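**Student:** These protein sequence lines are chains A and B, in that order.
Counting in our numbering, the first sequence runs from 1 upward without gaps.
Counting in our numbering, the second sequence runs from 1 upward without gaps.
Rather than coming from a laboratory, the hints here were simulated on the basis of the structure.
Just so it is clear, the structure is predicted and the values come from calculations on it, not from any experiment.
Each pair may be met inside one copy or between any two copies, as identical chains are not told apart.
Computed cross-link-like contacts, DSBU-like style, restricted to lysine-lysine with a CA-CA straight-line distance of at most 35 Å:
hint: 1; residue 1: Lys129; residue 2: Lys186
hint: 2; residue 1: Lys10; residue 2: Lys356
hint: 3; residue 1: Lys260; residue 2: Lys342
hint: 4; residue 1: Lys342; residue 2: Lys192
There are 2 protein chains.
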Amino acid sequence: MDFVNGLRLKDIVEIRDILAGGSNGKEIKIRGAIHTIRDMSEFSFVVLRKYEGLVQCVYEEGKIPDFNIRMLREEATVEAKGIVTAEERAPGGFEIRLTGIRILSEPAKDTTMPIPISKWKLKTSLETKLTLRPVSLRNVRERAIFKIQEGIVRGFRDFMFSQNFTEVRTPKIVAGNAEGGANVFKLEYFGKKAFLAQSPQFYKQTLVGVYDRVFEAAPVFRAEKHNTTRHLNEYTSLDFEMGYIDGFEDIMDMEAAMLKYTLQFLSEEYAKEIRILGIELPDVLHFPAVRFDEAKRLVSEKYNRKIRNPYDLEPEEEILIGKYFKEEYNSDFVFVTHYPSKKRPFYAMDDPADPKFTLSFDLLFKGMEITTGGQRIHSYEEQVAKMEARGMDTEDFKNFLMIHKHGMPPHGGLGIGLERFTMRLLDEQNVRETTLFPRDVSRLEP
Amino acid sequence: MDFVNGLRLKDIVEIRDILAGGSNGKEIKIRGAIHTIRDMSEFSFVVLRKYEGLVQCVYEEGKIPDFNIRMLREEATVEAKGIVTAEERAPGGFEIRLTGIRILSEPAKDTTMPIPISKWKLKTSLETKLTLRPVSLRNVRERAIFKIQEGIVRGFRDFMFSQNFTEVRTPKIVAGNAEGGANVFKLEYFGKKAFLAQSPQFYKQTLVGVYDRVFEAAPVFRAEKHNTTRHLNEYTSLDFEMGYIDGFEDIMDMEAAMLKYTLQFLSEEYAKEIRILGIELPDVLHFPAVRFDEAKRLVSEKYNRKIRNPYDLEPEEEILIGKYFKEEYNSDFVFVTHYPSKKRPFYAMDDPADPKFTLSFDLLFKGMEITTGGQRIHSYEEQVAKMEARGMDTEDFKNFLMIHKHGMPPHGGLGIGLERFTMRLLDEQNVRETTLFPRDVSRLEP
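Using the sequences and the hints, build the whole thing.
**Tutor:** As structure tokens, then:
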């Protein structure tokens with residue numbers, strides 16, 4: 001009988017092994033994709049691409065028996081054998097003088113790359129980049145974007161665990177939706193009508209009754225028809241929900257602490273990608289917080305802009321609020337609090353001091369909403385009253401109302417749009433730049 | 001201007017603070033839900049439920065001004081003030097002698113719990129438990145199940161990161177599907193036909209071309225009509241895919257190492273839940289591996305069972321294979337390798353030694369398939385040929401074929417059904433027991 005026992009040691013090295021030292025002058029084996037070949041007549045540079053970065057190999061004509069450089073194609077993958085040699089001008093300070101090459105795989109015959117992915121920066125349109133996503137992501141800068149995104153989620157999760165949150169996985173096929181409106185995808189579910197979840201709202205509230213504090217990082221779906229630079233029809237939502245709060249300020253405190261942690265985590269664990277992308281991490285010492293109505297007044301006064309609708313924030317106003325707090329407080333972030341009740345969902349808790357407003361907030365990052373959060377109604381009677389006042393049929397929500405009926409602690413939470421957050425962090429102008437495989441009104445592939 | 005600065009210190013303690021010592025004889029404040037009230041005539045036990053466990057409080061009549069025990073209802077949430085007192089018979093070895101109670105929230109008027117969640121074990125039918133999931137999960141054993149599930153995913157992720165995998169997030173709304181067949185959910189996508197992803201297959205292969213090794217823990221959707229104890233229409237798939245492999249054995253090695261790590265991680269970090277649920281973690285020193293045809297022969301001989309179809313494994317055969325390897329090798333796991341080509345998708349690599357079979361495997365855990373994996377075709381010409389032999393239109397897959405056309409390393413991967421794995425680990429008889437909010441042919445709520 002054969003047995004599988006776990007990882008077997010292989011004599012293949014990684015870049016980190018070489019950088020760790022001790023390989024200089026030694027012959028090693030390394031595997032990677034042929035990123036570029038530069039023929040220098042006497043010799044050739046063969047640059048290998050690995051997940052960690054690029055490795056410069058040097059091939060001297062005649063050094064490898066039965067091999068010549070014309071046998072090697074870009075995007076083939078190889079096992080290269082060679083002597084590690086310190087070389088200041090090479091990436092990482094070393095190069096590999098080739099003594100052997102074994103081709104592991106090759107691209108299709110008679111093909112060439114549709115875009116020059118080995119260029120430092122892809123100078124193609126976003127449209128082209130997206131259409132060619134399966135290969136354009138092989139560009140070193142492009143792939144660094146999604147390492148940063150990985151880091152954001154890791155930071156978020158690590159921090160949540162440190163604060164005693166439980167990670168949950170809630171269903172994406174649902175019978176009803178929390179956020180209301182028409183922007184919901186419908187599907188046929190064994191003869192029943194079902195929807196794709198716009199948010200994990202009902203479930204995360206439910207699970208606060210179980211675990212006190214929960215979080216989830218998962219896809220959400222919005223059938224919004226507008227095709228803007230900041231909307232996606234499928235995106236990743238970083239959600240948390242916490243019980244036993246004293247007020248919605250506890251939620252903002254938690255988010256602020258999470259962002260501090262995550263940005264610190266990025267600066268430590270993703271320094272390479274931060275350097276590749278030239279990111280300047282924002283200062284997060286403190287986050288100004290301003291009431292919704294006050295924010296509108298401030299920007300209206302400073303920038304001579306008439307308030308057209310006192311109950312809504314237009315995207316241009318968000319940009320101006322961002323500008324105001326950058327200019328006045330040198331902050332890239334601002335919490336805008338107390339959104340009007342009519343603009344918030346039925347589960348939002350109204351401000352007892354003025355029920356036209358809610359105990360809720362958005363977080364703006366460089367003038368764009370990246371978080372919506374707030375305190376939720378925990379009392380059954382209060383929740384039913386608010387639904388009835390809105391003409392909703394409570395019977396449609398009896399599973400949700402089960403939690404209020406049988407007791408819920410005071411609680412609240414938020415949702416962060418991961419791709420938008422990444423977009424702002426990287427100063428990108430289109431959220432599709434920071435989405436692996438974006439879904440929008442006209443894009444369903446690749 | 002107000003500023004949000006991060007977490008503020010509160011004078012509320014957690015169970016862990018008390019267990020850390022130093023609180024004995026001191027007055028503290030703690031928050032939780034009223035799990036049970038037991039009136040002992042002279043005094044009452046008030047058990048608080050927190051995410052960490054239960055806390056026994058003792059209320060003596062008259063000790064708290066303007067308060068009596070009849071003002072307190074089960075499932076209300078409170079802030080309790082009291083003196084921490086060592087008490088052997090209490091959970092955790094301490095109790096809190098109440099000196100004050102502040103009610104934070106209450107269940108609806110005139111309601112009682114539909115099931116006795118404070119019982120150690122819920123003795124209701126699965127059907128009832130699922131229908132009442134929002135409250136039945138408050139049971140200490142029920143919620144422990146999904147802490148274990150959290151732990152499995154954490155173990156999986158931590159191990160993947162340690163092996164230089166990149167975490168990715170791939171779209172769930174897709175234009176085409178990898179696994180084929182009719183069991184796919186359709187949805188209307190702005191006038192186009194779209195589907196819910198049956199697996200992240202195309203995307204994870206694509207991303208191997210970018211990051212060499214990738215993983216994802218995310219929902220997948222299968223519109224299978226059969227309503228069995230082991231099928232779900234939405235489940236969590238733990239997927240990984242790795243490049244530069246020497247053979248599909250590398251994938252089994254990686255899974256074996258991951259399982260060893262994860263079970264060790266559970267035993268350390270989730271010891272409390274393991275105790276609550278009485279789980280006996282399986283031995284994972286080594287995993288037997290047997291060829292598909294050989295496995296069929298072995299169980300046919302040992303259990304006198306006729307092989308009806310040499311190219312398929314019936315669920316009963318899986319159970320017998322599990323039984324065989326338990327009896328013969330004392331192993332709860334067995335890798336079954338070299339599945340027939342006609343039973344595997346078009347991207348599976350055939351065995352050059354006998355193309356009727358593939359370089360693939362399933363992992364059975366106590367007689368049930370919890371993983372499907374294998375090596376994939378990396379050559380463009382080979383992939384096109386296999387698709388054409390199956391009568392598929394390569395034009396429908398041109399985004400997927402882009403990766404082969406432009407070069408892919410030898411690679412492979414697997415998908416693990418999280419809920420099934422949890423089910424087997426906990427010796428549950430129905431996968432719905434280990435699914436937070438299951439979706440099946442007849443269940444779309446809650």
